[in-house]
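> Chain residues, written in single-letter form:
4 protein chains.
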Amino acid sequence: MSKDKDVLLEFSMSPFDKGESLSAYVSRSLEIIDKSGIDYKLNPMGTVLEGSFEEVMKVVADCFNKMKSDCNRITLSIKMDYRKGATGRLKKKIQSIENKLGKELNK
Amino acid sequence: MSKDKDVLLEFSMSPFDKGESLSAYVSRSLEIIDKSGIDYKLNPMGTVLEGSFEEVMKVVADCFNKMKSDCNRITLSIKMDYRKGATGRLKKKIQSIENKLGKELNK
Amino acid sequence: MSKDKDVLLEFSMSPFDKGESLSAYVSRSLEIIDKSGIDYKLNPMGTVLEGSFEEVMKVVADCFNKMKSDCNRITLSIKMDYRKGATGRLKKKIQSIENKLGKELNK
Amino acid sequence: MSKDKDVLLEFSMSPFDKGESLSAYVSRSLEIIDKSGIDYKLNPMGTVLEGSFEEVMKVVADCFNKMKSDCNRITLSIKMDYRKGATGRLKKKIQSIENKLGKELNK
Chain A
820 MSKDKDVLLE FSMSPFDKGE SLSAYVSRSL EIIDKSGIDY KLNPMGTVLE GSFEEVMKVV
880 ADCFNKMKSD CNRITLSIKM DYRKGATGRL KKKIQSIENK LGKELNK
Chain B
820 MSKDKDVLLE FSMSPFDKGE SLSAYVSRSL EIIDKSGIDY KLNPMGTVLE GSFEEVMKVV
880 ADCFNKMKSD CNRITLSIKM DYRKGATGRL KKKIQSIENK LGKELNK
Chain C
820 MSKDKDVLLE FSMSPFDKGE SLSAYVSRSL EIIDKSGIDY KLNPMGTVLE GSFEEVMKVV
880 ADCFNKMKSD CNRITLSIKM DYRKGATGRL KKKIQSIENK LGKELNK
Chain D
820 MSKDKDVLLE FSMSPFDKGE SLSAYVSRSL EIIDKSGIDY KLNPMGTVLE GSFEEVMKVV
880 ADCFNKMKSD CNRITLSIKM DYRKGATGRL KKKIQSIENK LGKELNK
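Chains as they are written, first to last, in the numbering used here: chain A, 820 to 926; chain B, 820 to 926; chain C, 820 to 926; chain D, 820 to 926.
This is chain A alone, in the form it adopts within the complex:
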């Protein structure tokens, strides 16, 4: 991993042609993410990656290429937040809000 951690990228990716239960396919992506060594946090609607633009996009591409191997139609949604010189935001963004409110939030 590079030292550049100025990008937070959340993504979710699912096939349309495998019926309504998606966890088998999401699990394969999480296996790839977890093994990649990238900093990440899973939430109920997606996974947030932290790293350089190239690093996080590489992980998304790896997950896509895996899913593409046996799925005919795939939807991918990505939301990215770049901040120059930022680091550690996987934790700091939530802490900053809790500090401002002076209380702990559900997370």
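Note that these hints are calculated values from the structure, not bench results. The structure displayed is predicted, hence computed values, not measured ones. Built from N, CA and C at the ideal position, the CB exists for glycine as well. Where hints are given, some of them may not hold.
As the list claims (entries may be wrong) - With beta-carbon atoms standing in for the labels, derived distance ranges:
#1 C:926 <-> B:922: 45 to 53 Å
#2 C:926 <-> A:914: 23 to 31 Å
#3 B:922 <-> D:822: 37 to 45 Å
#4 A:888 <-> C:877: 49 to 57 Å
#5 D:822 <-> B:910: 43 to 51 Å
#6 B:854 <-> D:822: 52 to 60 Å
#7 B:877 <-> A:822: 37 to 45 Å
#8 D:822 <-> C:889: 35 to 43 Å
#9 C:907 <-> A:854: 33 to 41 Å
#10 C:925 <-> D:903: 20 to 28 Å
#11 C:925 <-> D:823: 28 to 36 Å
Please build the complex by placing chains B, C and D on the supplied structure of chain A, with the hints as guidance.
Below, chains B, C and D without anything else, positioned relative to chain A:
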């Protein structure tokens, strides 16, 4: 709150006209969410709400109306996952993936 | 329709449990949108609505309630751009970019 | 350009630290897109690219690297639709809906 919890909705909302530091505005939304009594989980890229379609959309509208009171330009992004008859997915979706992989993930 | 047109909202909504061909379900949403009288523009990845926050959210809710009537799992993604006092942006946003570049773009 | 056109990718990218008028920055991205030779369509909320996964992601990266050169905080949102063997969907997806409804829609 209704007993209907078939919707998970993740959203993030930020002003464009207040400079690059956004946590003051995000905090106000979290205050509204936290006080609403809705089930939620904050992550570094958004907040996931669980409830009926009407309930979660009401919370988003409340946050929007607050932000609109002193912001000139606002971006809002929403991703929703409806599943008929589902409940407790704020926890269950992650557990289901961990069970499939047989290990704990970062969350 | 109200005179308030300060919101542009793009959305796309699809079932996961109906296989990879989605146009039958998307068509039903477009029928609802077209009949609603709201200003809109369809593109290959979604539909952009223009109106007040309440108006555009009402159309999205109508489409959701229709889809929910016979689909078990639905994904909905929304991106909204609010600008105070704005109007006519369904056309103006593209024109503004073309004016800046001094040429016509594909649209 | 490759012959692979199985991916439609819509994206929008904006700085948070440049005030509420964003068209100067969006125009620079459109200049890059237009010159890249990729098939695309601009709409009021984003730009839809058509090509292979690698091609469309390359254009997004080029736009990001340009914006990063003088913006401190950037939000990027992407929605992608992959369909095996598909081609020409920049036009066909809309036509398919119009055919189903038997009328022309606003586009």
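> Taking the hints in turn, state whether each one holds.
Each hint tested on the structure:
The hinted window of 45 to 53 Å between residue 926 of chain C and residue 922 of chain B holds, with their beta carbons roughly 48 Å apart. For the pair residue 926 of chain C and residue 914 of chain A, the supplied restraint of 23 to 31 Å is violated, since their beta-carbon distance comes to about 43 Å. A hinted range of 37 to 45 Å holds for the C-beta pair residue 922 of chain B and residue 822 of chain D, which are about 41 Å apart. Separated by about 41 Å at the C-beta atoms, residue 888 of chain A and residue 877 of chain C break the suggested range of 49 to 57 Å.
Under the hint 43 to 51 Å, the C-beta atoms of residue 822 of chain D and residue 910 of chain B, about 45 Å apart, fit the expected range. A hinted range of 52 to 60 Å holds for the C-beta pair residue 854 of chain B and residue 822 of chain D, which are about 55 Å apart. Between residue 877 of chain B and residue 822 of chain A the beta carbon distance is about 43 Å. The supplied range of 37 to 45 Å therefore holds. Between residue 822 of chain D and residue 889 of chain C the Cβ separation comes to about 38 Å, which falls inside the hinted range of 35 to 43 Å.
For the pair residue 907 of chain C and residue 854 of chain A, the supplied restraint of 33 to 41 Å is violated, since their beta-carbon distance comes to about 50 Å. A beta carbon spacing of about 25 Å between residue 925 of chain C and residue 903 of chain D agrees with the range 20 to 28 Å that was offered as a hint. Between residue 925 of chain C and residue 823 of chain D the beta carbon distance is about 20 Å. The supplied range of 28 to 36 Å is therefore violated.
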